[in-house]
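Novice: First to last, the sequence lines map onto chains F and H. Here my numbering is used: the first sequence runs in plain steps of one and ends on residue 211. Here my numbering is used: the second sequence runs in plain steps of one and ends on residue 211.
Just so you know, nobody snuck in bad clues.
Just so you know, same-sequence chains aren't split out, so a pair can sit in one copy or run between any two.
With a straight-line Cα cutoff of 27 angstroms, these simulated BS3-like cross-link-like pairs (lysine-lysine) come out: (1) Lys10 with Lys47; (2) Lys28 with Lys101; (3) Lys47 with Lys28; (4) Lys61 with Lys47; (5) Lys61 with Lys10.
Honestly, the hints are just simulated from the structure, not real lab data.
Number of protein chains: 2
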Amino acid sequence: MRNVLPKSIEALSEVLASLPGVGPKTANRLTFYLLSRSNDELAKFGLAFSSLKQNLTKCSVCQIVAETDPCGICSDTTRQVGKIAVVEEPLDVLALEKARFDGRYHVLGGQISPINNVSPEDLKINELIERLKGEEVKEVILATNPSLEGEATALYIDDRIKELIEAGKITKDIKVTRIARGLPVGGDLEYADELTLSRALEGRRSYN
Amino acid sequence: MRNVLPKSIEALSEVLASLPGVGPKTANRLTFYLLSRSNDELAKFGLAFSSLKQNLTKCSVCQIVAETDPCGICSDTTRQVGKIAVVEEPLDVLALEKARFDGRYHVLGGQISPINNVSPEDLKINELIERLKGEEVKEVILATNPSLEGEATALYIDDRIKELIEAGKITKDIKVTRIARGLPVGGDLEYADELTLSRALEGRRSYN
Numbered sequence: 004m005r006n007v008l009p010k011s012i013e014a015l016s017e018v019l020a021s022l023p024g025v026g027p028k029t030a031n032r033l034t035f036y037l038l039s040r041s042n043d044e045l046a047k048f049g050l051a052f053s054s055l056k057q058n059l060t061k062c063s064v065c066q067i068v069a070e071t072d073p074c075g076i077c078s079d080t081t082r083q084v085g086k087i088a089v090v091e092e093p094l095d096v097l098a099l100e101k102a103r104f105d106g107r108y109h110v111l112g113g114q115i116s117p118i119n120n121v122s123p124e125d126l127k128i129n130e131l132i133e134r135l136k137g138e139e140v141k142e143v144i145l146a147t148n149p150s151l152e153g154e155a156t157a158l159y160i161d162d163r164i165k166e167l168i169e170a171g172k173i174t175k176d177i178k179v180t181r182i183a184r185g186l187p188v189g190g191d192l193e194y195a196d197e198l199t200l201s202r203a204l205e206g207r208r209s210y211n
Numbered sequence: 004m005r006n007v008l009p010k011s012i013e014a015l016s017e018v019l020a021s022l023p024g025v026g027p028k029t030a031n032r033l034t035f036y037l038l039s040r041s042n043d044e045l046a047k048f049g050l051a052f053s054s055l056k057q058n059l060t061k062c063s064v065c066q067i068v069a070e071t072d073p074c075g076i077c078s079d080t081t082r083q084v085g086k087i088a089v090v091e092e093p094l095d096v097l098a099l100e101k102a103r104f105d106g107r108y109h110v111l112g113g114q115i116s117p118i119n120n121v122s123p124e125d126l127k128i129n130e131l132i133e134r135l136k137g138e139e140v141k142e143v144i145l146a147t148n149p150s151l152e153g154e155a156t157a158l159y160i161d162d163r164i165k166e167l168i169e170a171g172k173i174t175k176d177i178k179v180t181r182i183a184r185g186l187p188v189g190g191d192l193e194y195a196d197e198l199t200l201s202r203a204l205e206g207r208r209s210y211n
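For reference, chain F alone in the conformation it holds in the complex (with noise of 0.2 angstroms):
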């Protein structure tokens, strides 16, 4: 095929077809859609995206990405200092605040996953150990995803607290607790799978 598209639009279409989930042909359209806007605000466009990583720094406490360090919500003295809930992504966080958590996070990058060369080391586990050993920590939430690898990375943190607890060496008042596993609110008990039921029946709790 000749080139018949000048080459802005061409350049644009490459850059949008290379985001994930983005083919060539949602590409074209996107970037048709976008010459319909205004160059003022395809200028704001560009810049966010040319600035998106100035200003961004790492919480060095819980490891998120942020504008300061220690990050927003590690300095926020209203939260509950004592609880922490341990995500794999900075999405994770967000989508814990929307559920109004209100303890503080330790974002680990990811997940144990030996097919994906991920292993504990790749995480930042001793990153929450040491905050373990330093801070007042009242409960560890894992809040890793229910799926394999995430109840495996679960599964590890609890066995390396457990450890260091009976070695003395981080407070045995720390309780391990796990996200609940269950049916999703305005599911369909008909239509769950078998593994999900189960973990529903496992940890039924009675009305108090």
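Take the given structure of chain F and dock chain H to it, following the hints.
Specialist: Showing chain H alone in chain F's frame:
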């Protein structure tokens, strides 16, 4: 929800979420993916957005968005000058180019659609008529979409051209054709809708 994400991340998420077909969750996911790209790449991305409409013009002949006027296609002397494919949008030109169409184009800029308040005057139909008067056109191929509005647009243009031929305003040597409607290649007769199938029967041809 308190704002837990850095401003630059929020800004890019907002930009991406304003694109058609991109929801807030996808926008967040794309933004975090982009954090893994280098600053150089992000600058390149930004430039692709901000410079999209710089150096862009419209071809005064075929109405396509282009870098030069007339565009590369209209000024390409190796093409069959007498064949004009009438399409709705620039992306349709791209599709026909992939199908190795070797004539020239006329981009209407949309389709006649009373429901969306688009009347024939809003399209570049008069510009097409002017071309038929001025250029040596042998065939007008109506390649609007095979949708309700696309068919109506094609019919309208066919009518207009016939009227002008009868009035002696353009030469009667101009042939007006419509692209074939039928079964898509690789398709399945069993699953074809009845309208497509009846068009495929109507348009049947003998092997020769």
